[in-house]
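Starting from the given sequences, assemble the full structure and let the hints guide the process.
If you read the protein sequences in the order shown, they are chains G and V. The numbering of the first sequence is our numbering, which starts it at 576 and goes up by one. The numbering of the second sequence is our numbering, which starts it at 22 and goes up by one.
A hint or two may mislead.
List time: in silico SDA-like cross-link candidates among lysine to any residue, alpha-carbon distance up to 25 Å [unchecked claim]:
no.	chain 1	residue 1	chain 2	residue 2
1	V	Lys130	G	Thr697
2	V	Lys130	G	Thr742
3	G	Lys676	V	Lys24
4	V	Lys64	G	Asn705
5	G	Lys739	G	Cys671
6	V	Lys70	V	Gly31
7	G	Lys743	G	Met576
8	G	Lys676	G	Thr742
9	V	Lys70	V	Ile33
10	V	Lys116	G	Thr742
11	V	Lys64	G	Phe653
12	G	Lys676	V	Val35
13	V	Lys27	G	Asn705
14	G	Lys612	V	Leu41
15	V	Lys116	V	Leu60
16	V	Lys130	G	Met576
17	V	Lys64	G	Pro650
18	V	Lys24	G	Phe653
19	V	Lys109	G	Phe674
20	G	Lys676	V	Val123
21	G	Lys672	V	Thr82
22	V	Lys109	V	Ile83
23	V	Lys64	G	Leu644
24	V	Lys109	G	Ser694
25	V	Lys116	G	Ile706
Calculated directly from the structure, the hints in this document are not laboratory data. Nothing here was measured: the structure is a model prediction, and the numbers come from that model.
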Amino acid sequence: MNKLQRYIFLSLLTAGAMILSIIESMIPLPYIAPGAKLGLTNIVTLTVIVIFGFKDAFLVTVLRCILLLIVAGNPISFIYSIFSGVMSVIVMSFGCKYFNKYFSLIGISVLGAMTHNASQITVAAIMFENIMMYTYLPIMSLISIFTGCFVGYTSIFTTDNIKKNITKLIREA
Amino acid sequence: MKKINKYDIGLIAVIIIVNLFIIYYNAKNMVYSDKNEALIYSKNELVGKYVLDMNYKNEFTITTNNGYNTIKIEEGKIWVTDTDCPDKYCQNQGKISGVGEVIVCLPNKLLIKIVGHENKDVDIIAH
Numbered sequence: 576m577n578k579l580q581r582y583i584f585l586s587l588l589t590a591g592a593m594i595l596s597i598i599e600s601m602i603p604l605p606y607i608a609p610g611a612k613l614g615l616t617n618i619v620t621l622t623v624i625v626i627f628g629f630k631d632a633f634l635v636t637v638l639r640c641i642l643l644l645i646v647a648g649n650p651i652s653f654i655y656s657i658f659s660g661v662m663s664v665i666v667m668s669f670g671c672k673y674f675n676k677y678f679s680l681i682g683i684s685v686l687g688a689m690t691h692n693a694s695q696i697t698v699a700a701i702m703f704e705n706i707m708m709y710t711y712l713p714i715m716s717l718i719s720i721f722t723g724c725f726v727g728y729t730s731i732f733t734t735d736n737i738k739k740n741i742t743k744l745i746r747e748a
Numbered sequence: 022m023k024k025i026n027k028y029d030i031g032l033i034a035v036i037i038i039v040n041l042f043i044i045y046y047n048a049k050n051m052v053y054s055d056k057n058e059a060l061i062y063s064k065n066e067l068v069g070k071y072v073l074d075m076n077y078k079n080e081f082t083i084t085t086n087n088g089y090n091t092i093k094i095e096e097g098k099i100w101v102t103d104t105d106c107p108d109k110y111c112q113n114q115g116k117i118s119g120v121g122e123v124i125v126c127l128p129n130k131l132l133i134k135i136v137g138h139e140n141k142d143v144d145i146i147a148h
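Below is the structure:
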C-alpha cells in the first residue's frame, strides 16, 4: 500500500465519520442525560486505530471535528467534540497497544465511550464553572456501556472487512 | 479479531457495579427539605435565588441574547416549562427538588442548582 492509497483511504474514512456524526444528530433518542449520544463515529476511530495506528486516528478525529464545524457551523459543539474525541483516541490507542491481549475491541470501545462521556462532562463543568455536572457521570457511564458494546461489535466486522481489502490492495500493488 | 471474552465481561461488570453503587450512594445522601434554595445562573452570573417552600408559587422568564427559558416553582419543586433552545434538554430534565440536583440548558447557558439551606442560626449562647 503506497502513500497515495493510504491517504485516499484515510480521507474516505474521515468523510464516513463526518457523515455518521451528521446522521447521528438526526436520530431521535429518548432523553436520558444531557449529551448522551450513540457515538457512531467511534466505529471509524476504532477501525483506524486498529489498522493504521494512533497518529492517523488522531488526524482523522481532528479533521472530522474541523469539517463538522465547517458543515454544521456550531462552535460550542466543536469544543465538546474535539476535546472528547482526542481524549478517547488517546485512551483507545493506549488500550489497543497494551491491553490487546486481554480485551477484545468491545472492551476497548467501552473504555473509549466512557472517556468520551467523562471528557464531555469535564468540558461542561469548565464552561459552567460548576463541579455538580459530575452527578451525571454514573448514568452516562452506564449508557456508554451499551453504546460501547454496539460500537465495538460493529468495528470488529469493519476491521475484518477492511483488512481483507487492504491485503488485496497490497497483493495487487 | 476475536469476539467478546471474559475480560470484557469482567470490565463491563466492574463498571456497572461501581456506577450503580455511586448512584445508590448519591440517592441515599439526597436531602429533601422545605428550606432548600434554588440558585439560577445565567451566563455564570447569579440571577435568582428562591426558597423552595411548599406554599411558594412563582413563574417567570429569563431572557438572554441567546433565547429564553420559562421557569416555574410550585409545591417545593422547580422546573423549566418553556424554552426556545433547539434540543429542549432543559425541559426534559423534569422537576428537581433535592440538594445537588441541577438543570442545565447548554444553548442558553442557563443553570439551576439546588443547595441546602445554610443554618446560620446560633445554636446556643454561653455566658
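Each hint tested on the structure:
1. Annotation: proposed proximity of lysine 130 of chain V to threonine 697 of chain G holds, straight-line Cα distance about 16 Å (limit 25 Å).
2. Straight-line distance between C-alpha atoms of lysine 130 of chain V and threonine 742 of chain G comes to about 50 Å, which puts the hinted pair past the 25 Å bound.
3. For the hint linking lysine 676 of chain G to lysine 24 of chain V, the alpha-carbon distance of about 13 Å falls within 25 Å, and the restraint holds.
4. Distance check on the hinted pair: lysine 64 of chain V and asparagine 705 of chain G sit about 12 Å apart at the alpha-carbon level, within 25 Å; holds.
5. Only pairs whose Cα atoms come within 25 Å are accepted, and lysine 739 of chain G paired with cysteine 671 of chain G is accepted, the gap being roughly 20 Å.
6. In summary, the hint linking lysine 70 of chain V to glycine 31 of chain V is not supported, as the alpha carbons are separated by about 46 Å, beyond the 25 Å threshold.
7. Of the supplied pair hints, the one linking lysine 743 of chain G and methionine 576 of chain G holds, its CA atoms being roughly 10 Å apart against a limit of 25 Å.
8. For the suggested pair lysine 676 of chain G and threonine 742 of chain G, the alpha carbons sit about 23 Å apart, so the restraint of at most 25 Å is met.
9. Distance hint between lysine 70 of chain V and isoleucine 33 of chain V is unfulfilled; the C-alpha atoms sit about 42 Å from each other, more than 25 Å.
10. With a C-alpha separation of about 56 Å, the suggested pairing of lysine 116 of chain V with threonine 742 of chain G is violated against the 25 Å cut-off.
11. Proposed proximity of lysine 64 of chain V and phenylalanine 653 of chain G is supported: the alpha carbons are some 19 Å apart, at most 25 Å.
12. Between the alpha carbons of lysine 676 of chain G and valine 35 of chain V the distance comes to roughly 19 Å, so the proposed pair stays at or under 25 Å and holds.
13. Pair hint lysine 27 of chain V plus asparagine 705 of chain G does not hold up; C-alpha atoms about 38 Å apart against a cutoff of 25 Å.
14. A distance of roughly 20 Å separates the Cα atoms of lysine 612 of chain G and leucine 41 of chain V; the hinted pair therefore holds under the 25 Å criterion.
15. About 14 Å separates the Cα atoms of lysine 116 of chain V and leucine 60 of chain V, which keeps this hinted pair within 25 Å; it holds.
16. In summary, the hint linking lysine 130 of chain V to methionine 576 of chain G is not supported, as the alpha carbons are separated by about 49 Å, beyond the 25 Å threshold.
17. Straight-line distance between C-alpha atoms of lysine 64 of chain V and proline 650 of chain G comes to about 17 Å, which keeps the hinted pair within the 25 Å bound.
18. With a C-alpha separation of about 34 Å, the suggested pairing of lysine 24 of chain V with phenylalanine 653 of chain G is violated against the 25 Å cut-off.
19. A threshold of 25 Å between alpha carbons decides the hint, and for lysine 109 of chain V with phenylalanine 674 of chain G the separation of about 40 Å lies outside it, so the pair is violated.
20. Taken as a hint, the lysine 676 of chain G and valine 123 of chain V pair is broken in the structure, with Cα atoms around 41 Å apart against an allowance of 25 Å.
21. For the given pair, lysine 672 of chain G sits about 52 Å from threonine 82 of chain V by alpha-carbon distance, which is inconsistent with the 25 Å threshold.
22. Between the alpha carbons of lysine 109 of chain V and isoleucine 83 of chain V the distance comes to roughly 15 Å, so the proposed pair stays at or under 25 Å and holds.
23. A distance of roughly 23 Å separates the Cα atoms of lysine 64 of chain V and leucine 644 of chain G; the hinted pair therefore holds under the 25 Å criterion.
24. Restraint check for lysine 109 of chain V and serine 694 of chain G: the C-alpha separation of about 22 Å stays at or below 25 Å, so the hint holds.
25. Taking the CA atoms of lysine 116 of chain V and isoleucine 706 of chain G, the gap is about 20 Å. The hint holds against a cut of 25 Å.
In summary, the numbered hints that this structure violates are 2, 6, 9, 10, 13, 16, 18, 19, 20, 21.
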